[in-house]
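Residue numbers (the working numbering), protein chains in the order written: chain F, 1 to 460; chain P, 1 to 460; chain V, 1 to 460; chain L, 1 to 460.
A couple of the hints might just be wrong.
Any copy will do: because identical chains look the same in the list, a pair fits if it lies in one copy or spans two.
Derived DSBU-like pairs (lysine-lysine); straight-line CA-CA distance at most 30 Å [to be verified]:
#, residue 1, residue 2
1, K352, K50
2, K460, K50
3, K399, K460
4, K367, K399
5, K399, K67
6, K226, K423
7, K55, K358
8, K399, K454
9, K55, K455
10, K448, K81
11, K50, K79
12, K279, K38
13, K67, K185
14, K78, K217
15, K18, K349
16, K352, K367
Note that these hints are calculated values from the structure, not bench results.
Fair warning: this is a prediction, and the values are worked out from it, not measured in the lab.
Protein chains: 4
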Amino acid sequence: MDEFDLISPLDFRYISEKEKKLYSAFLSENARIKYQAKVELALVKVLARKGIAPKKAVPELEKAVEKISAKEVYEEEKKIKHDVRALVNCLRKKVSSESKPFIHFSATSYDIVDTSNALRYKNAVNEIILPSLIELEKELIRLALKYKKTPQIGRTHGQFAEPITFGFFIANYVDRLGNRINEIKRARNELSGKFSGAVGAYNASSLLIKNPEEIEKEIMKELGLKTQLISTQVAHPEQFEDLMHSLVSAFTVLANLADDMRNLQRSEINEIAEFFDSKQVGSSTMPHKRNPINFENVKSFWKQFMPRMNTVYLDAISEHQRDLTNSASVRFVPELFAGLSLSANRLTKTLKNIAVDKESMDFNLEKSSESIVAEPLYIILAKHCHTNAHEKVRELTVKAKKEKIPLIELAFMDNEIIPFLDKFSEKEIELLLNVKTYYGLSEQKTIKVCSYWKKELKKK
Amino acid sequence: MDEFDLISPLDFRYISEKEKKLYSAFLSENARIKYQAKVELALVKVLARKGIAPKKAVPELEKAVEKISAKEVYEEEKKIKHDVRALVNCLRKKVSSESKPFIHFSATSYDIVDTSNALRYKNAVNEIILPSLIELEKELIRLALKYKKTPQIGRTHGQFAEPITFGFFIANYVDRLGNRINEIKRARNELSGKFSGAVGAYNASSLLIKNPEEIEKEIMKELGLKTQLISTQVAHPEQFEDLMHSLVSAFTVLANLADDMRNLQRSEINEIAEFFDSKQVGSSTMPHKRNPINFENVKSFWKQFMPRMNTVYLDAISEHQRDLTNSASVRFVPELFAGLSLSANRLTKTLKNIAVDKESMDFNLEKSSESIVAEPLYIILAKHCHTNAHEKVRELTVKAKKEKIPLIELAFMDNEIIPFLDKFSEKEIELLLNVKTYYGLSEQKTIKVCSYWKKELKKK
Amino acid sequence: MDEFDLISPLDFRYISEKEKKLYSAFLSENARIKYQAKVELALVKVLARKGIAPKKAVPELEKAVEKISAKEVYEEEKKIKHDVRALVNCLRKKVSSESKPFIHFSATSYDIVDTSNALRYKNAVNEIILPSLIELEKELIRLALKYKKTPQIGRTHGQFAEPITFGFFIANYVDRLGNRINEIKRARNELSGKFSGAVGAYNASSLLIKNPEEIEKEIMKELGLKTQLISTQVAHPEQFEDLMHSLVSAFTVLANLADDMRNLQRSEINEIAEFFDSKQVGSSTMPHKRNPINFENVKSFWKQFMPRMNTVYLDAISEHQRDLTNSASVRFVPELFAGLSLSANRLTKTLKNIAVDKESMDFNLEKSSESIVAEPLYIILAKHCHTNAHEKVRELTVKAKKEKIPLIELAFMDNEIIPFLDKFSEKEIELLLNVKTYYGLSEQKTIKVCSYWKKELKKK
Amino acid sequence: MDEFDLISPLDFRYISEKEKKLYSAFLSENARIKYQAKVELALVKVLARKGIAPKKAVPELEKAVEKISAKEVYEEEKKIKHDVRALVNCLRKKVSSESKPFIHFSATSYDIVDTSNALRYKNAVNEIILPSLIELEKELIRLALKYKKTPQIGRTHGQFAEPITFGFFIANYVDRLGNRINEIKRARNELSGKFSGAVGAYNASSLLIKNPEEIEKEIMKELGLKTQLISTQVAHPEQFEDLMHSLVSAFTVLANLADDMRNLQRSEINEIAEFFDSKQVGSSTMPHKRNPINFENVKSFWKQFMPRMNTVYLDAISEHQRDLTNSASVRFVPELFAGLSLSANRLTKTLKNIAVDKESMDFNLEKSSESIVAEPLYIILAKHCHTNAHEKVRELTVKAKKEKIPLIELAFMDNEIIPFLDKFSEKEIELLLNVKTYYGLSEQKTIKVCSYWKKELKKK
């Protein structure tokens with residue numbers, strides 16, 4: 001098979017060789033089936049421990065599980081048209097006849113499927129999602145601290161607002177992403193399996209075992225998962241929904257960051273730039289182009305994956321003890337894991353190489369200073385008991401714009417304001433003449449936030 | 001104004017008089033502005049306590065806040081085209097000139113807007129959402145316990161699966177809804193305000209106050225909210241996103257329950273029925289019709305509101321220190337609160353009056369018994385060491401269907417099975433002949449789940 | 001009722017007095033019921049014409065229809081819990097007993113509901129949507145023509161690309177919006193009603209009338225609607241879906257335009273500005289702010305309404321001869337009509353008053369000229385048979401950036417390029433030295449597109 | 001590469017070998033690049049015809065285009081990081097130096113990308129989508145005609161309504177799907193390319209060619225595409241949006257059909273059944289299960305793909321002359337083509353083998369007859385001038401239910417009704433006693449609809 005004959009673009013275009021190996025271990029069909037086999041093994045281990053299955057069933061099944069492959073299971077599935085039973089048949093073939101009856105003993109398919117998916121997603125969070133996001137978080141912390149004192153004009157509504165530092169801008173993302181990392185961990189911890197049979201009432205297992213709930217709990221303990229308090233044929237979808245929401249929400253933070261960076265890279269703003277290779281071509285007709293293609297790509301991935309949250313909610317509705325109208329749709333879930341991880345990886349790589357143009361930041365800040373002095377002027381006037389300072393300054397800004405005179409000049413010549421000037425402290429005057437330093441607690445906050453998240457990241 | 005001239009259907013059609021009063025207190029424009037005024041008051045309180053504002057500003061503003069109305073603010077907004085400044089102007093008019101400068105002192109609009117919305121949503125959760133959901137949860141618990149022993153055929157893929165009890169069916173919803181109630185509480189507890197000024201760096205406030213972060217914390221303490229670690233002009237959107245997800249996710253549980261009930265009300269299944277008034281008309285042409293209109297309505301509301309989660313994610317992206325491309329979209333958020341609450345209320349009311357038709361449940365269970373005996377037969381055979389029990393029974397079901405002979409008869413005459421029959425216990429034989437009792441731990445689980453959630457509901 | 005106690009923000013906040021009157025005539029509950037009554041009337045007219053109903057039933061019902069109000073119908077609905085039957089009862093009360101049996105004769109509710117909605121939406125398109133969009137389109141045409149020669153730097157990926165004119169930029173929207181107007185008209189023309197009874201098979205009507213399909217056709221003719229070839233209890237949803245798509249798609253054009261305008265209004269770009277009233281406040285703390293609040297608002301409305309297309313698709317699935325899980329969701333449809341119309345109206349008003357800053361456009365274009373000359377240089381070199389012109393120029397742009405020498409200077413001193421210079425025409429040299437005029441067919445295209453759409457708009 | 005190591009499930013799980021070959025020809029990366037090369041060739045052909053490029057460039061490029069592969073282009077892309085330029089470089093290497101300058105001459109990347117995608121999607125509609133949908137439509141027509149006289153109870157709200165025939169039920173889908181096929185054709189016909197350069201103003205081309213619009217038109221003619229009236233760097237997204245809507249809308253028809261079939265297959269309804277192989281396993285624990293897995297699968301695919309319409313609308317917003325925040329998201333478009341086609345194929349295959357259980361249909365109809373007679377009774381009473389027939393019959397249905405007496409018996413004994421009985425015609429009486437035949441024009445409509453669509457399908 002030529003990979004360029006594939007229909008889905010993720011595998012052949014976006015996943016690097018290195019990522020592919022890692023992703024496949026959790027997100028591929030081989031991984032899916034391996035995890036199902038692991039759950040079948042956990043069942044037999046517990047049954048053996050309880051004296052229900054023969055001891056030897058455990059090592060036999062361990063070997064069988066090792067050998068199982070998606071290819072083999074798919075061949076069996078072609079014949080019998082049932083995926084889990086196909087796996088069971090393949091495993092049964094590999095063990096002695098004494099062990100055979102205890103494979104899948106008392107289980108329904110979704111005891112295996114839901115439990116193995118919970119485990120697989122948990123591990124995928126640990127091995128794929130968290131490493132990607134944490135690496136990005138660390139890079140953001142590095143950037144925030146590096147530029148904690150670099151003044152930048154803050155912007156609201158795309159308009160010059162008041163100064164911050166570039167580090168402070170980044171520190172906001174440190175906090176948002178950090179918070180999402182914790183949320184993902186929390187959702188991961190709630191993932192739970194079930195082993196309650198075909199309609200959730202332990203019908204079959206209670207024929208065989210005294211306390212089937214105990215068996216269920218031991219299997220989950222074996223696998224490191226929580227048990228749901230009750231279930232139908234399937235585990236309740238809410239824990240999975242929460243995990244998906246936490247991933248989509250983290251993805252949204254990445255998309256916002258990418259958008260901001262794209263905007264900072266606009267020709268007219270020009271405060272940052274993606275690294276550009278000496279051989280790289282920016283446009284097939286405009287040789288000068290340097291486009292924010294990596295930031296654009298991250299936003300684009302988000303646009304593809306965010307709406308899939310609708311599918312998650314749609315799939316959470318399942319009739320009575322379950323229907324299978326999620327059969328195909330849940331199989332696309334691994335795409336979202338991959339999409340988020342590779343977007344984070346791309347962002348990290350891009351941020352590690354961005355050029356921050358302090359000159360441009362200074363230039364823009366300078367350009368803004370004429371107007372943004374309005375806020376500190378109003379605040380200082382109010383502080384010194386001007387009773388209508390906001391409106392007064394607002395009128396002056398209108399006049400300044402009309403007459404093309406700098407606001408501060410106008411203010412210092414204004415008869416209503418002059419009486420207040422004497423009350424202004426030296427520091428206040430200085431600030432009004434050099435609003436570039438009017439960035440408040442930007443530096444302190446940046447340090448505080450970065451320290452906090454450095455510690456938090458160490459938690460499991 | 002005639003309410004039937006309104007465009008939006010919520011107010012005139014779906015919200016009852018009683019609900020309207022409650023909803024308006026938190027979800028209307030009057031409520032929105034009241035809450036903003038409350039935050040302005042909290043600011044002045046803290047400023048007075050710190051000796052920055054005069055003491056008398058507090059009682060003056062308290063009176064002003066009481067008198068403020070949306071109508072007044074809207075009139076001012078018409079002139080100056082800025083909603084929060086309009087409120088500030090209206091409040092300023094109502095206090096002495098010594099107090100005037102300290103209203104909104106050092107604040108940016110979103111210090112007020114985001115903080116007041118966090119508070120308002122928190123209260124709306126407490127006063128609207130949780131009461132509605134908890135009442136529904138209690139009704140579900142009542143139903144589950146009432147029917148904990150009422151056998152019902154369980155269904156997967158819309159097909160007869162194995163027996164449960166009607167109470168067990170409901171108990172699954174008790175657990176799912178209970179879990180969502182807790183999730184909503186958790187998300188509610190994380191709602192947080194901000195008071196960090198125009199770009200989040202306390203630019204203005206640090207001109208006035210030594211430790212502006214302390215002011216921020218005291219205001220939040222005053223209001224009973226958490227403070228975000230850092231912010232831009234606006235609070236980070238993630239806590240709000242989490243709340244909205246928890247609401248949409250709870251809504252999805254309601255929709256699933258409504259769907260299940262609709263299906264149980266199908267003419268062919270006929271296990272439950274919505275109450276039908278003696279004067280009620282079911283169809284304008286078919287006088288016999290009894291439609292599940294309330295369950296349908298709940299599903300329909302879900303279809304209207306679930307996709308709005310997309311808007312929540314879209315609104316979470318805001319450029320740099322903020323843009324205002326969420327100006328209108330967030331104003332629709334109260335609709336979702338109302339939609340969820342009134343759907344829960346409708347469900348509660350409908351469930352309180354449903355007719356459960358035990359005869360039909362019995363009839364359907366009886367009908368299923370011929371085929372569903374397959375599972376216990378396979379399980380008992382496997383238990384008694386038949387090495388290929390599933391396949392054996394599967395083949396018998398094919399034969400039974402073809403030859404129109406009950407499966408159990410066929411099995412008891414089968415040469416391969418006969419040798420195993422002697423090993424079957426009396427209880428096993430009995431169960432095979434009366435699969436209606438094959439509902440496993442349905443009753444025990446129902447009791448356990450209901451006890452658990454009765455206790456949980458008492459938590460705040 | 002105080003309108004500020006409403007939950008839904010559309011009515012009290014966004015719809016102006018003038019819009020309210022227009023919108024109510026088609027989008028309110030009063031309108032909904034008026035249109036249903038119109039369809040009941042059309043039925044009786046046809047029945048009378050066919051000699052089935054008495055002649056006098058027509059004037060009697062005409063009077064009754066005039067008097068009907070939502071209020072009256074809602075009171076009846078409270079008793080019998082069926083909305084259409086409530087209307088029928090109200091109408092029946094107003095006519096003689098000879099006419100009574102022929103009201104709603106042979107009809108099922110959805111004969112009335114679907115047909116009246118088709119008619120109502122059709123009229124709402126004609127009276128609300130199209131006038132709003134056409135007025136916007138005309139304003140865009142005016143702007144495009146006014147600025148057809150005003151050079152502006154074109155931007156791709158937020159980066160300086162090559163020059164266009166501001167009129168050309170607008171002309172692209174003229175074309176896109178024009179195209180959507182035509183698409184909406186097309187979808188409107190396909191709206192169709194049905195009169196085929198409770199399950200679509202004319203069961204009842206074929207008891208009464210020889211050719212019930214003929215009756216159906218005459219009713220639709222009476223109302224100016226198409227008839228569907230076949231239907232269930234309800235009209236097929238696809239024609240309505242197409243209309244909704246056309247509206248959402250038009251809305252997306254508006255959102256794109258709003259985004260572009262917001263970006264052009266960025267402080268650093270500064271090419272356009274929303275009108276700002278002399279009393280208007282831009283920020284509650286930053287007196288200098290001039291925010292693109294109207295463009296932001298339009299984008300925000302789009303974010304609220306675009307995802308509702310999901311609801312449209314969800315509602316298109318209805319079980320068997322219909323279910324009613326769209327009962328509430330379709331009642332929100334008028335909100336989308338209103339949202340689109342008022343967004344268009346807001347855009348029109350804003351565009352009529354925008355300030356176009358030609359100086360800034362010139363400034364930005366000038367700033368870009370150093371780099372954008374790369375494309376014409378490469379093209380002219382290639383034209384004169386340089387075999388690797390793109391790569392050559394690309395390398396020069398890297399060098400120019402590194403050495404901070406204007407690209408064109410560097411090129412004119414380059415040994416590889418010098419031999420080609422002689423081949424360049426005078427016009428080509430001139431263009432390279434003044435890339436501002438390098439805007440191709442911007443002017444011609446603008447004129448062509450505007451002429452085309454001026455004509456198209458005149459079509460019905 | 002082991003295909004089971006892939007992340008995306010479409011390729012390894014859902015696409016059959018036969019489908020894979022067909023899909024790859026239009027939907028794979030190899031196809032994408034082949035189509036781009038085709039457009040590059042069309043450009044050179046037109047340039048040669050106009051005397052701008054040398055004649056020999058055409059056969060040279062034809063050969064080059066034949067040899068091009070995604071693999072080669074990807075290797076070049078790795079070096080220069082620009083996909084279209086990579087293709088151009090690969091093509092340039094394969095032609096003489098005289099031809100080199102004319103490859104991609106005056107073009108920007110999106111002249112190639114948008115035009116080639118329009119062509120590729122058009123062909124994919126013709127070769128993949130339409131054949132799949134038309135085969136399904138033909139199967140539906142076959143079924144409709146086969147069962148045109150097979151009575152079935154019609155259901156609204158999941159409740160017995162009035163009788164139809166099974167063919168009539170299917171005929172409604174014939175009409176809906178037929179209508180969507182026509183809509184897809186219409187959208188396909190509007191697909192258009194562009195060749196207007198980097199910002200859409202023909203900047204580069206107007207340096208080289210007298211009438212660049214003519215060149216553009218000739219290229220489109222060469223490829224069989226329409227030309228947009230004006231464009232930016234990219235073609236307007238609306239035509240593509242319309243196509244995507246038409247596909248999603250058709251998909252929704254399939255999902256509705258699948259849902260209906262699933263419901264008809266419920267154990268309690270049991271009117272149809274998916275074919276079940278003699279070796280097929282329905283459940284890993286319940287040997288008797290026969291699940292509607294194919295219908296469930298179609299619904300599930302729809303839940304995965306429907307929400308992607310959000311991505312389409314999101315991608316339609318592109319800043320100024322374009323941004324590239326759709327870079328990745330549009331690459332997932334082929335997944336939707338594949339998803340729709342294979343869902344249609346699966347439906348066709350499943351329908352060809354469904355078992356229609358006429359006995360069950362009869363049984364259900366019989367069961368309904370007691371209540372559904374209410375409509376014809378009311379209609380006939382009204383026809384014979386009972387002035388309050390609906391209410392009278394409604395009251396009788398309540399009584400019938402309460403007293404467990406068949407409605408018709410009760411009616412025939414009712415003092416108010418007895419006087420009317422004499423007026424009833426023999427045929428009317430007969431119908432009331434045998435409501436099974438009360439299916440109106442079901443048969444005639446079925447024939448009419450099928451005839452109509454048989455003819456329509458022949459149109460291109």
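Verification of the supplied hints:
Taking the shortest Cα distances, K352 and K50 never come within 30 Å of each other, neither inside one copy (54 Å) nor across copies (45 Å). Proximity of K460 to K50 under the C-alpha cut-off of 30 Å is found in neither arrangement, the shortest distances being 33 Å within a copy and 41 Å between copies. Taking the closest pair of Cα atoms, K399 and K460 never come within 30 Å of each other, the shortest separation being 58 Å inside a single copy and 49 Å across copies. Taking the shortest alpha-carbon separations for K367 and K399, both the intra-copy value of 18 Å and the inter-copy value of 29 Å come in at or below 30 Å.
For a Cα distance limit of 30 Å, the shortest separation of K399 from K67 qualifies neither inside one copy, at 81 Å, nor across copies, at 35 Å. For the homomeric pair K226 and K423, neither the shortest alpha-carbon distance inside one copy (66 Å) nor that between copies (37 Å) is at most 30 Å. Taking the shortest Cα distances, K55 and K358 never come within 30 Å of each other, neither inside one copy (70 Å) nor across copies (46 Å). Taking the closest pair of Cα atoms, K399 and K454 never come within 30 Å of each other, the shortest separation being 48 Å inside a single copy and 41 Å across copies.
Taking identical chains as interchangeable, the C-alpha atoms of K55 and K455 are never at most 30 Å apart, the minima being 46 Å within one chain and 42 Å between chains. In this assembly of identical chains, K448 and K81 lie within 30 Å of each other by CA distance neither inside one copy nor across copies; the values are 58 Å within and 38 Å between. Taking identical chains as interchangeable, the C-alpha atoms of K50 and K79 are never at most 30 Å apart, the minima being 34 Å within one chain and 61 Å between chains. Proximity of K279 to K38 under the C-alpha cut-off of 30 Å is restricted to the inter-copy arrangement: shortest distance 27 Å between copies versus 48 Å within a copy.
In this assembly of identical chains, the alpha carbons of K67 and K185 never lie at most 30 Å apart, being 32 Å within a copy and 47 Å across copies at closest. In the homo-oligomer, the alpha carbons of K78 and K217 never lie at most 30 Å apart, since the shortest distance is 34 Å inside one protomer and 51 Å across protomers. Taking CA atoms no more than 30 Å apart as the test, K18 paired with K349 passes inside one copy only; the shortest distance there is 14 Å, against 40 Å between copies. In this assembly of identical chains, the alpha carbons of K352 and K367 lie at most 30 Å apart whether taken from the same copy (29 Å) or from different copies (29 Å).
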